[in-house]
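Asker: Could you build all of it, start to finish, from the sequences and the hints given here?
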Amino acid sequence: MSERRDPIAPAGGDVANAPVLEVRNLGVTYGSGSDAVVAIRELSFSIAPGEFVCIVGPSGCGKTTLLKSIAGLLRPTRGDAYVAGKRVDGPPKDLALVFQEYTRSLLPWLTVGDNVTFPLAARKVPKSEQLARRKAALAQVGLPGFDDKYPWQLSGGMQQRVAIARALAYEPAVLLMDEPFASLDAQSRADLEDLVLKVQRDTGLTVVFVTHDIDESVYEADRVIVLTQRPTAIRQILAVDLPKPRDQITTKALPEFVRLRTEVLKLIKNEPTVD
Amino acid sequence: MTRLRGIAIGLVVPIVFFSIWWVLSERSTSPYFPPLRRTLTAFVDIWFFARFFTDLLPSVGHFLSGLTLGLAAGVVVGTLMGLFPRFNRDVAPMTEFVRAIPTAALVPLGLILFGTGFVMETFLISLAVFFPILVSTTAGVRGVDPVYLEVARSYGLSFSDRLWRVIIPAAAPQILAGCRVAIAFGLAATVIANMVASGSGLGFFIVDAQTSFRLPDMWAGLIMIGLLGYLANTAFVVVEHRLLGWHRGWRGATRAASAA
Amino acid sequence: MGADVPVHGSAQVAQKPLPSGVAPRSKAGLTWWQRVGEPALVVLCVIGAWELLTRTGVLPAKDLPPATVIGAAFIGDIQQSRVWEALGATLTSWAVGLAGSILVGIPAGLLLGSSQLAYRLFQPSLEFVRTIPSIAALPLLILLLGTRGYQLAAAMTFLGAVWPIMIQTMYGVRDVDPTTMDAGRAYGLGPFQLFIRIVLPSAFPYIATGLRLGAVVGLLLSVAASLIAGGTGIGFLIVNASFSGVPELVYARIVLTGIVGLGVTLTLVAIESRLLFWHASRRRTVT
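Chains as they are written, first to last, in our numbering: chain A, 1 to 275; chain B, 1 to 260; chain C, 1 to 287.
It should be emphasised that the hints constitute simulated quantities derived from the structure, not laboratory data.
Model, not experiment: these values are computed from the prediction.
A couple of the hints might just be wrong.
Below, a list of computed lysine to aspartate or glutamate pairs in the DMTMM-like style, where the Cα atoms sit at most 25 angstroms apart [to be verified]:
#1 A:Lys149 with A:Glu171
#2 A:Lys127 with B:Glu240
#3 A:Lys252 with A:Glu171
#4 A:Lys124 with B:Asp161
#5 A:Lys149 with A:Asp94
#6 A:Lys93 with B:Asp161
#7 A:Lys198 with A:Glu256
#8 A:Lys86 with A:Asp114
#9 A:Lys266 with A:Asp202
#10 A:Lys269 with A:Glu179
#11 A:Lys135 with B:Asp161
#12 A:Lys93 with B:Asp145
#13 A:Lys149 with B:Asp90
#14 A:Lys86 with A:Glu171
#15 A:Lys149 with B:Asp145
#16 A:Lys149 with B:Asp45
#17 A:Lys93 with A:Asp80
#18 A:Lys124 with A:Asp94
Now the in silico label distances, taken between C-beta atoms and shown as ranges [to be verified]:
#19 A:Gly90 with C:Trp32: 48 to 54 angstroms
#20 B:Ala73 with C:Thr31: 27 to 33 angstroms
#21 B:Val237 with A:Gln153: 29 to 35 angstroms
Sample of chain B residues lacking proximity to chain A, with all beta carbon distances greater than 12 angstroms (derived) [said to hold, decoys possible]:
#22 Gly10
#23 Thr54
#24 Ser65
#25 Val91
#26 Phe118
#27 Val151
#28 Arg162
#29 Ala177
#30 Gly199
#31 Gln210
#32 Trp246
#33 Trp250
We put the beta carbon where it would ideally sit given N, CA and C, even for glycine.
Answerer: Quick look at the structure:
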């Protein structure tokens with residue numbers, strides 16, 4: 001089956017669109033000497049502005065490690081990541097991270113509103129602008145008027161919406177999401193998948209979405225990066241040309257969707273593809 | 001409604017206790033257990049009039065100044081020990097050792113260094129307060145959920161923002177738990193300091209009343225100390241309630257979640 | 001919660017006690033020098049600085065004797081039988097008082113925790129009583145028991161230790177997981193069996209904490225009793241040295257008391273963690 005376009009290059013292929021996120025020869029080794037564990041062997045890819053890219057891989061592969069290197073929470077042993085053209089050296093200003101552990105990533109002593117604005121307050125963003133951004137962000141995730149609630153008064157899905165609102169209010173160039181819906185029930189999960197797609201469509205944000213759910217990756221992404229087992233490398237990058245806007249029922253029933261998810265599954269299970 | 005009922009039920013035991021005490025002691029001829037009526041008369045005479053300024057106020061003052069000093073020092077040093085594992089390892093042998101010395105044994109040391117009076121008592125009380133706060137603050141700061149710290153770092157918070165916006169609030173429940181212990185220790189140290197090395201104060205008063213056989217006075221002193229402990233604790237609970245409203249809700253929510 | 005939190009390489013995070021499910025790296029990651037060498041060196045430096053500052057007169061040597069002088073006094077002192085007799089007296093009173101508070105505190109706590117009515121009647125009063133410094137009862141106990149024998153210090157120990165033991169036991173019984181109880185009932189355990197096989201083991205971590213708190217507070221009060229009232233304990237010896245105007249002996253005996261206190265604490269912690277190996281991560285204190 002011939003590809004419609006080169007999947008390695010960013011979608012769009014426009015020369016003016018310099019990659020907003022680039023990973024070059026990145027490798028991570030934990031420990032040293034005989035105890036050394038190579039988590040990531042070597043990875044390179046780049047992502048264009050406005051792209052939605054999912055990263056999937058077998059469980060235990062270095063998905064989270066890769067994400068933390070991009071987010072500047074972990075210094076890679078080799079190679080570099082670049083966000084908006086700047087080398088990542090500590091958490092980049094143009095990037096916001098949404099964690100998997102929503103119960104623990106929201107601060108329980110702050111209200112929903114304060115959870116959204118505390119990164120802005122720490123950056124000395126003027127109060128009025130903080131409020132405006134918070135209002136917009138909470139409305140975008142479907143939680144308008146929840147400012148004065150505490151996160152633990154909300155359901156898991158709503159808590160993760162607050163975490164997404166916090167990331168949106170930060171106005172990043174890249175939104176990184178680390179298995180954001182892995183601990184949610186199926187219904188909330190579908191709702192939030194659609195929410196993220198809608199937000200991405202509305203804002204044109206670049207989203208990098210790490211997940212272990214193959215359906216989710218194909219459903220959400222413009223491109224899917226499939227990783228190998230440890231020591232991690234890129235197994236393949238697949239373009240997803242499913243029509244937009246996507247829909248939980250019709251999109252997932254398309255033959256192309258089924259073909260892609262089968263292909264990703266086989267790649268992860270390490271079987272030869274039926275190309 | 002249920003809260004009021006809870007309070008009412010809780011009051012049954014003290015009321016019964018004091019009633020029995022009143023009735024049984026009324027015809028008591030034992031000098032050690034004077035009638036409660038006489039003790040209460042003495043209580044009013046002593047604490048509302050004669051000894052208010054000479055014994056009660058100084059004790060309360062020493063307690064509060066020692067508490068403030070010990071709290072501040074405990075939170076600062078405990079935060080440092082919690083933040084810097086190396087510092088923690090290096091000073092822990094010394095803090096653990098001094099912590100193991102019973103407060104009373106340090107009274108002679110305080111006497112040698114500071115003589116009698118305000119400085120010595122404040123020193124002793126703040127030392128008694130310092131260690132529970134130190135231990136709980138260290139544990140609280142070390143135990144901050146690593147995810148909170150990663151969130152703070154990923155949003156580029158500076159060190160001081162991380163400290164004030166994340167670490168201290170997250171450690172607050174533990175620090176306050178230490179406060180509760182510290183208040184009890186501080187009050188005991190106040191009484192001990194008075195007893196051993198003072199010509200005034202509550203502890204001195206009850207020892208003095210005992211040695212000069214003014215037993216209703218001694219009982220009045222005992223009741224006063226109990227009352228002070230109760231007031232200090234109540235004040236603490238009020239403060240804690242205001243500061244940690246979120247914590248109760250959060251714990252309730254996480255417990256309910258893990259039970260489900 | 002936090003079922004598969006990955007271990008990550010950030011040193012700042014790795015040294016914190018991580019939630020369950022994360023491999024403990026903190027202890028194993030340290031070298032001998034980090035665990036023992038450097039802290040020991042710091043202690044030696046502090047003692048050395050003390051020596052230097054007192055010898056050179058920066059600190060008043062009259063009130064703060066040099067470390068070596070205190071050390072010499074300490075070694076001289078522990079060769080005398082009276083110190084050991086005093087220590088023995090303090091520790092005997094402590095042990096007797098503690099045994100008494102266990103005999104009273106644990107059954108009372110079990111009772112108060114098992115009955116909803118008893119709990120609601122007594123819990124507020126107990127919380128009140130525990131805020132009263134037990135030391136305040138000393139003058140009364142002096143009248144009742146005199147100052148000569150072991151009884152005064154034993155009674156003080158009892159009074160200090162019985163509350164934490166009782167209260168922790170009570171909370172322990174109340175915190176038994178209802179699901180575990182249901183499981184027990186489902187397997188047909190009777191009330192007695194439930195109590196022996198489920199309630200007691202579940203409450204045990206709390207009881208252990210109560211015992212440790214009670215033991216430490218009890219020791220404090222045992223020392224305080226002999227210090228304030230005189231008599232036979234180690235506290236009296238400290239006061240005695242103070243009255244005789246021998247500061248180095250005061251310091252030496254305080255150090256000795258500290259060593260005993262530390263010994264008691266460490267022993268109890270060791271026993272507790274050995275008995276609670278199955279439960280170490282869940283140990284909680286109710287204060």
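Asker: Give a verdict on every hint.
Answerer: Status of the hints after comparison with the structure:
1. A:Lys149 with A:Glu171: holds (23 angstroms)
2. A:Lys127 with B:Glu240: violated (29 angstroms)
3. A:Lys252 with A:Glu171: Since the Cα atoms of Lys252 of chain A and Glu171 of chain A sit roughly 31 angstroms apart, the hinted pair is violated (cutoff 25 angstroms).
4. A:Lys124 with B:Asp161: With Cα atoms ~11 angstroms apart, Lys124 of chain A and Asp161 of chain B stay inside 25 angstroms; holds.
5. A:Lys149 with A:Asp94: This hinted pair is violated, its Cα atoms lying about 28 angstroms apart.
6. A:Lys93 with B:Asp161: holds (16 angstroms)
7. A:Lys198 with A:Glu256: holds (21 angstroms)
8. A:Lys86 with A:Asp114: The given pair, whose Cα atoms are some 29 angstroms apart, is violated under the 25 angstroms limit.
9. A:Lys266 with A:Asp202: Status violated; Cα separation ~33 angstroms.
10. A:Lys269 with A:Glu179: holds (19 angstroms)
11. A:Lys135 with B:Asp161: holds (23 angstroms)
12. A:Lys93 with B:Asp145: holds (23 angstroms)
13. A:Lys149 with B:Asp90: violated (43 angstroms)
14. A:Lys86 with A:Glu171: This hinted pair holds, its Cα atoms lying about 17 angstroms apart.
15. A:Lys149 with B:Asp145: Status holds; Cα separation ~22 angstroms.
16. A:Lys149 with B:Asp45: Distance of about 52 angstroms is beyond 25 angstroms: violated.
17. A:Lys93 with A:Asp80: holds (16 angstroms)
18. A:Lys124 with A:Asp94: With Cα atoms ~16 angstroms apart, Lys124 of chain A and Asp94 of chain A stay inside 25 angstroms; holds.
19. A:Gly90 with C:Trp32: 48 to 54 angstroms: Since Gly90 of chain A and Trp32 of chain C have Cβ atoms about 33 angstroms apart, the given range 48 to 54 angstroms is violated.
20. B:Ala73 with C:Thr31: 27 to 33 angstroms: holds (31 angstroms)
21. B:Val237 with A:Gln153: 29 to 35 angstroms: Taking Cβ atoms as reference, Val237 of chain B and Gln153 of chain A lie about 23 angstroms apart, which means the hint is violated.
22. Gly10: The claim holds: Gly10 of chain B sits with its nearest Cβ about 29 angstroms from chain A, beyond 12 angstroms.
23. Thr54: holds (44 angstroms)
24. Ser65: holds (30 angstroms)
25. Val91: Holds, since 29 angstroms exceeds 12 angstroms.
26. Phe118: About 37 angstroms separates Phe118 of chain B from the closest Cβ of chain A, which puts it past 12 angstroms; holds.
27. Val151: violated (5 angstroms)
28. Arg162: violated (9 angstroms)
29. Ala177: Ala177 of chain B is indeed farther than 12 angstroms from all Cβ atoms of chain A, at 15 angstroms.
30. Gly199: The claim stands: Gly199 of chain B keeps its Cβ more than 12 angstroms from every Cβ of chain A (closest is about 47 angstroms).
31. Gln210: holds (48 angstroms)
32. Trp246: violated (4 angstroms)
33. Trp250: Since the minimum Cβ distance to chain A is about 4 angstroms, Trp250 of chain B lies within 12 angstroms and the statement is violated.
Checked against the numbered hints given earlier, this structure breaks hints 2, 3, 5, 8, 9, 13, 16, 19, 21, 27, 28, 32, 33; the rest are met.
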